[in-house]
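Two chains, two frames, some hints: make the complex.
Residue-level listing of the chains:
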Amino acid sequence: MEGGRLARQLAANKEAIITEYLHRTQLADDARERETAATVRIQASWRAHITRLLLAEWNGNALHVQRVYRGHVGRVLVSAARRERRIYWQRVYFSHCATSIQKWFRAYHSRRYKHNYYARKAYIAAVVGKSDSLRRELEQHLQAQVDEAIATQELKARSEVEALSAKLHHLVSTKTVAGIYNSPMHDGFLPTAFSIPVEQHLRNAIKPQLREDMRRSAKGKLMNTKPQLSLAPSEPYVSRDERRREHERASKLGFVAGNFNNSAKASGPFADAQLSIQAGLPYVDGNKLQLTRATNKSSWVSSKPFHTAVPSNKLLEGQ
Amino acid sequence: MRAVLQVFESYQKARVNFVQTVAELATRPQNIEALQNAGVMQLLRPLLLDNVPSIQQSAALALGRLANYNDELAEAVVSNEILPQLVYSLAEQNRFYKKAAAFVLRAVAKHSPQLAQAVVDSGALDALVGCLEEFDPGVKEAAAWALGYIARHNGELAQTVVDAGAVPLLVLCVQEPELTLKRISASALSDISKHSPELAQAVVDAGAVAYLAPLIQSPDGKLKRQVCACLAQVAKHSVDLAEVVVEAEVFPKILNLLKDMDVYVRKNAATAIREVAKHTPELAQLIVNAGGVGAMVDYVAEARGNARLPGIMTLGYISAFSETLALAVIVSKAIPPLVNAVVTEPEDHLKSAACWSLGQIGRHSPDHAKALADANVLPKLLAVLLHDSSSEDLKTKAKRALKSVIQKCVHLPALEPLLHDAPENILKYAVHQFAKVLPHDVAARRSFVTSGGLQKVLELQPEPGSKLADFVNAIKEVYPPEIVDYYSPNYSKQLLDMLDPNAAGE
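Residue numbers (full-length UniProt numbering), protein chains in the order written: chain L, 1 to 319; chain H, 1 to 506.
Chain H on its own, in the form it takes in the complex (with noise of 0.2 Å):
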């Protein structure tokens, strides 16, 4: 009798043994190839079933990590039917085995939209949302990142993850006191209202954003950084959710993380901000109102690289929307750091949203054109535009914002050198301002005269009954023949001509 027991005791201790090693060496990248060549998946399946608990949560443990770490695996995990039994015991067994089982899931999940539909499929979302339902916060925590990770893909999972309830449940975790928890659950929110605005209405509906709107004082980092996530997601959607959002009381206490320690907390905050201001010019000018564009000025010229982006976009949205705010704006020195992003940063969707930001803010009137002329903005826009490697977007954004400016632009020495260097699509713009404004004042003339503005119009040959001739033709009507004849560039040539038929006479 004891011989028999023996033998089964031998082989339980190597089951042991096996799968708490596996899980070990799951945990070092360079073995998993090893592992995966020795065909361990095949071994921890059955595994799974033991009747040891400890070998059934480290063989649990030890899937997840394996196909935590790349998607072949976890399609394995898949094609190889563990799921279904994994989302069978996770009704059952104890805390131990739940969390990992949850973190199987995630880990399959995470990879790619068709996985998260298999783990959809095999039927883990209601076992997911019971565990949601449990005491233990470890098990919650594990639950709550699986489902996060799943609505994370598209609309649709996001849909189905809804549909199995856990949004209540996601709104009750935010609440418990586990900072973990939290972290998680605010992530799994922003992932599932990131995708639609009826994904966010149903968020919002569940009482989510009176509950995250406190968090953003919390001294943790990681939180704040998920809870402004959540809020930016769901704000972004449309006019009603941002006001939902203003309602909570959340400005001004969210500009405050616009200076936090962590960089990533400054990122969120803004694009929180972001998503508020773009709507409507009420919700604008409740930032404005708030102190809150030279807090975005402030994080536009610290910020670098793609954590500018929300910034950037932010002082666009505001300036779009009306004369007094893009004054606002002008006045809290704005335009040098956005100038800055034009010139310094590397990347073209930033130089094009920067690009965007400066026309919004120029093409009120000639007051705003003025200050952006005096900042010295159009060469650099026009550098931008005739650059090689600027991309198509990025050119289509800075001709746009050359445009809007120089259409308002009354200030003609800051137009005067554009004349020189611009293509002809801007230059029309640039020479019908002056036409516009020469006839009426005797000073610029005369100083455009001397610049050498007139000689280089009149070099321009523009198609006649094209509109650059109009304008040309305008021009040259402000001036008495001679000083066109002057500085028209074959005059000299003329004159010779003149003199030869006469010479030829004689």
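If we strip away everything but chain L, and leave its shape as in the complex, we get (with noise of 0.2 Å):
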């Protein structure tokens, strides 16, 4: 109904219309060229907002996907820069542990199968400790050896002085006359041998020999008995003390090589006998006295005649 009323509106001012129409056109082409650009301002900066407004869009888009997927790859850096941080310092841990083993290691083997220097070190000490000891002992060693020089070099001592007192009584003095020891010259130093004074030796020694003479005598048996000494052939009567010296003599003339003992004869009845140079020749017994010569027998009757003392014809026929 409405177009209808509208119809009729408009054929009533059909005129007024058509006036209004041409002006209004006539105002439209006059406004049309500054509505125009008008127009396209408007819409350029509508399109200009719409634009922008997308392209914020986009940018936060863009940024978005930007930002996850630098997320994305900074992670996988991470993770790959974290692995690689743990394999480093893994390395550098185990490497330390592989050098100190090959550090002992090398030390092992080294001192087992090149130098060992701790064995060495215990080595030399042993070898000085051991050379201490051995010097301690050949100090004793020495020590021994010098003592027992000292005192066998005592004991022959003492034992000559024994012989010699023995042999010597004679010059022990008596009540009346001062022997050589005991001499009253001696003011203030008696003479002495070990500590005691030399007449006391000479006194004390002959003690053992009379004992043992008186302990032969008891026995029957003859002081002195030594076997014979061979005679060398003739010779006159010479004493048996002669005979004896001259043996002596002629036995040290017979040292060759040092002074042996015979040992098969070294004891036995007749340990003392030596047998003397003149061995192996006829024996001719030195103890029975020559008191005769030679005698001659033709020589009994004297070719000459005998003369008596007295003539016998002065005494008978009267003096």
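Check the hints yourself; a few may be wrong.
[Claimed, not checked] Quick list of in silico lysine to any residue cross-link-like pairs, SDA-like style, CA-CA up to 25 Å: (1) L/K156 to H/E178; (2) L/K252 to H/R28; (3) L/K130 to H/E243; (4) H/K408 to H/P423; (5) L/K252 to H/I32; (6) L/K130 to H/E323; (7) H/K253 to L/Y123; (8) H/K222 to H/P252; (9) H/K403 to H/P366; (10) H/K13 to L/R244; (11) L/K252 to H/D136; (12) L/K252 to L/L164; (13) L/K114 to L/T99; (14) H/K333 to L/A122; (15) H/K253 to H/D205; (16) H/K456 to H/V410; (17) H/K436 to H/Y486; (18) H/K399 to H/P423; (19) L/K252 to H/R15; (20) H/K370 to H/A444; (21) H/K278 to H/S365; (22) H/K408 to L/R111; (23) H/K222 to L/A144; (24) H/K13 to L/E246; (25) H/K456 to H/P480; (26) H/K476 to H/S466.
[To be verified] Partial chain L-side listing against chain H, Cβ under 8 Å, derived: (27) R120; (28) Y123; (29) I124; (30) V127; (31) V128; (32) D132; (33) S133; (34) L134; (35) R135; (36) L138; (37) L142; (38) Q145; (39) V146; (40) A149.
The set of hints was computed from the structure by calculation and includes no laboratory data. For every residue, glycine included, the Cβ atom is placed at its ideal position computed from N, Cα and C.
Structural data, given as structure tokens:
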């Protein structure tokens, strides 16, 4: 119904409308440029606005995408870096451990197969210790030798003194006559041997020998039985002592190489007998005194006439 | 009849008297000239053939004493053809005559190899070896003594003695109870074995070492001397023989003898130890392990003269083998007695042995060289080297010792005194050591300059191109050029010369 109304209105005002229309068309034509420009401007700014909004959204989206992507990439890198770091520090640690192990092994290997400083040090210390103990032992050894030598020397000296004192008993002093070793001239000192006066030695030394002699004579044996020495042939009477002295001299000449004792005859009944250099010669009894000269039986009867001491004729025929 | 016998008996008495008096007179040296001029040799010779045994024995004894006195009389004995007669009767007669005859043979053989050869040529060896089988120890002793004197001179004579079969009998004699017989047989064995390894092997094969080794512990000094001498002569030839001696359990007992009362026992024991130690490191180590080094050091410190030589050489041989042994020798304080020997001994061969030993000790490593340097050894070796009265051998040994020690010495303060006195050939080693050490050690560089060493080095004007010049240049490179110039000898002159042209120009 509205349309109807509109048509009636239009028919009523047809002229006014046409003039209005032409007026307006004229106005529109006049403003067309300006309106077009304005419209374009409005459209441009709208488009700009919309574009800006779109761009902003797009930027935001792109940022979003980039952000997510960068986060992802970063995480990937970080995890790789972490891995690297882990590997690096592990490697450092293992290297350190390996170096330690190698160091200890090399030390062991070197000590075992090439050179062991501590073993050498211990060896040197052991050698020095052994040397010191050996030195001490050697000192003791030497000391023992020296002591033994001193002891044997003293023993020898004592026995020499004993032997001499036994032989020199005749020098002992009597009640009236002072002996040499007890002389009144010895003012302040007396001759001593081993801190006993020589007098005392002389007196004491004869006692064992006296006892021995008395024992022997009690048994009925003669003193000083020695086997007879052989006599050199064709000797006239020479005393037994002289014979013995000659034998001693001759036997001393026989010392070629040291003093030896014939071991087979070292004991036994003839232990004292020393074979003289005259052994092997015919035995002549030295004790038998050669009181007679050799006789010549043919001269027993003289060829000369026999004269009496007193002329027989004188006595008988009266002096 | 009686009158005839009387004549013979008086003649016999005269002969006995003559021969015994001559024998007695021959004991005194002053009579022997007169006896010789009186023609005693011709008179004694027929008396050897006398039918009275006592005259024979006394005649032999007199001859022996005469021959013993000097070699002219021994020659006369040989030239009068007495030896064959003696040798013949050596087989026949009683033991007194054998002793006297062996005495004559020994007295003739001892003077020279030719006389000993004459004794051998007269066929004495078989007779003497026969005497060794006798029962009487005196005869054995005289025979062994004669054989020893024959074998003493040279290897051929010793070989003839061995070929006559004497060695097993001598070994039997060593086992006899009589001391003098043991001594003489040990001495004869040592005289035989000293010439060559084959002879020593012959002695060892007869089993001598096993019987001699226990005798080391006997109380008799002279026996110990001979036993040690024999073991030394056996061991010196080769490693095997030395090992035979060691296996006879001679160590450590023989070390006890280094402090015996008898000086000669000590010397011979030291000789035996030296002959064992010189062959291989194992044998040297055996001695070190038994504590022998300390004992040997004491021995070197106490002995004087020729007796010191075996001790010094033992220490040298032991140190020569390895660092460890040399270190053991150093720690046992061996260096002071060796230095003492270098300085105080008058004989050159002892000094050279001591220099050699010190060189062997110090040549192994810087520690060893430092030990020697601390004991102030290097200046003493240098003094010996430079001394006019040192023999060539001594100078050579001192130079070698110095060289080997310096080449290992990195302790520079010890080397500095050498720069001032040493001759060129020693100097180059010392400078070489400086050239090696100075590039690495700052403190050493400083002290080298302050002690005047740099100045001394720069004062040397070595020939360009020689090694010494290279070393000096190496040292110069270590220092900044200003210091080198400052200490150069001609620098002040150079500066003045620089001044002069300027002054002339002005």
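Results for each hint:
1. For a cut-off of 25 Å, the pair hint linking L/K156 to H/E178 stands: about 21 Å separates their Cα positions.
2. Distance hint between L/K252 and H/R28 is fulfilled; the C-alpha atoms sit about 15 Å from each other, no more than 25 Å.
3. Between the alpha carbons of L/K130 and H/E243 the distance comes to roughly 23 Å, so the proposed pair stays at or under 25 Å and holds.
4. A distance of roughly 19 Å separates the Cα atoms of H/K408 and H/P423; the hinted pair therefore holds under the 25 Å criterion.
5. Taken as a hint, the L/K252 and H/I32 pair is honoured in the structure, with Cα atoms around 20 Å apart against an allowance of 25 Å.
6. Between L/K130 and H/E323 the CA atoms are separated by roughly 19 Å; this keeps the pair inside 25 Å, and the hint holds.
7. With a C-alpha separation of about 22 Å, the suggested pair H/K253 and L/Y123 falls inside the 25 Å cut-off, and the hint holds.
8. Restraint check for H/K222 and H/P252: satisfied, since their Cα atoms lie roughly 20 Å apart, inside the 25 Å limit.
9. Using a Cα cut-off of 25 Å, the hinted pair H/K403 and H/P366 holds, with the two alpha carbons roughly 13 Å apart.
10. Distance check on the hinted pair: H/K13 and L/R244 sit about 17 Å apart at the alpha-carbon level, within 25 Å; holds.
11. Only pairs whose Cα atoms come within 25 Å are accepted, and L/K252 paired with H/D136 is accepted, the gap being roughly 18 Å.
12. Straight-line distance between C-alpha atoms of L/K252 and L/L164 comes to about 22 Å, which keeps the hinted pair within the 25 Å bound.
13. For a cut-off of 25 Å, the pair hint linking L/K114 to L/T99 stands: about 20 Å separates their Cα positions.
14. Taking the CA atoms of H/K333 and L/A122, the gap is near 17 Å; set against the 25 Å cutoff, the hint holds.
15. With a C-alpha separation of about 23 Å, the suggested pairing of H/K253 with H/D205 holds against the 25 Å cut-off.
16. Annotation: proposed proximity of H/K456 to H/V410 holds, straight-line Cα distance about 19 Å (limit 25 Å).
17. In summary, the hint linking H/K436 to H/Y486 is supported, as the alpha carbons are separated by about 23 Å, within the 25 Å threshold.
18. Of the supplied pair hints, the one linking H/K399 and H/P423 holds, its CA atoms being roughly 10 Å apart against a limit of 25 Å.
19. A hinted pair counts as satisfied when its Cα atoms are at most 25 Å apart, and L/K252 with H/R15 qualifies at roughly 18 Å.
20. Restraint check for H/K370 and H/A444: satisfied, since their Cα atoms lie roughly 16 Å apart, inside the 25 Å limit.
21. About 21 Å separates the Cα atoms of H/K278 and H/S365, which keeps this hinted pair within 25 Å; it holds.
22. Between the alpha carbons of H/K408 and L/R111 the distance comes to roughly 24 Å, so the proposed pair stays at or under 25 Å and holds.
23. Pair hint H/K222 plus L/A144 holds up; C-alpha atoms about 18 Å apart against a cutoff of 25 Å.
24. The suggested pairing of H/K13 with L/E246 holds, with an alpha-carbon distance near 13 Å, which does not exceed 25 Å.
25. Restraint check for H/K456 and H/P480: the C-alpha separation of about 17 Å stays at or below 25 Å, so the hint holds.
26. The hinted pair formed by H/K476 and H/S466 meets the criterion: a straight-line CA distance of about 15 Å does not exceed 25 Å.
27. The interface hint given for L/R120 is met, as the beta carbon of that residue sits about 6 Å from the closest beta carbon of chain H, less than 8 Å.
28. Interface hint at L/Y123: satisfied, since its Cβ lies 7 Å from the closest Cβ of chain H, which is below the 8 Å cut-off.
29. A least Cβ separation of about 5 Å between L/I124 and chain H falls short of the 8 Å threshold, and the interface hint therefore holds.
30. Interface hint at L/V127: satisfied, since its Cβ lies 5 Å from the closest Cβ of chain H, which is below the 8 Å cut-off.
31. For L/V128, the interface hint holds, since its Cβ comes within 8 Å of a Cβ in chain H; the closest pair sits about 6 Å apart.
32. Given the 8 Å rule on beta carbons, the hint for L/D132 holds: about 6 Å separates it from the nearest Cβ of chain H.
33. Interface restraint check for L/S133: the shortest CB-CB distance to chain H comes to about 7 Å, inside 8 Å, so the restraint holds.
34. With 8 Å as the threshold, the beta carbon of L/L134 comes within range of chain H, its nearest partner Cβ sitting at about 3 Å, so the hint holds.
35. Residue-level restraint check for L/R135 holds (minimum Cβ-Cβ distance to chain H is 5 Å; threshold 8 Å).
36. Proximity of L/L138 to chain H holds as hinted, the smallest CB-CB distance being about 4 Å (cut-off 8 Å).
37. Interface hint status for L/L142: upheld, as the beta-carbon distance to the closest one in chain H is roughly 4 Å, under 8 Å.
38. Given the 8 Å rule on beta carbons, the hint for L/Q145 holds: about 5 Å separates it from the nearest Cβ of chain H.
39. At about 6 Å, the closest approach between the beta carbon of L/V146 and any beta carbon in chain H falls short of 8 Å, and the interface hint on this residue holds.
40. Below 8 Å, beta-carbon pairs count as interface contacts, and L/A149 has one with chain H at about 7 Å; its hint therefore holds.
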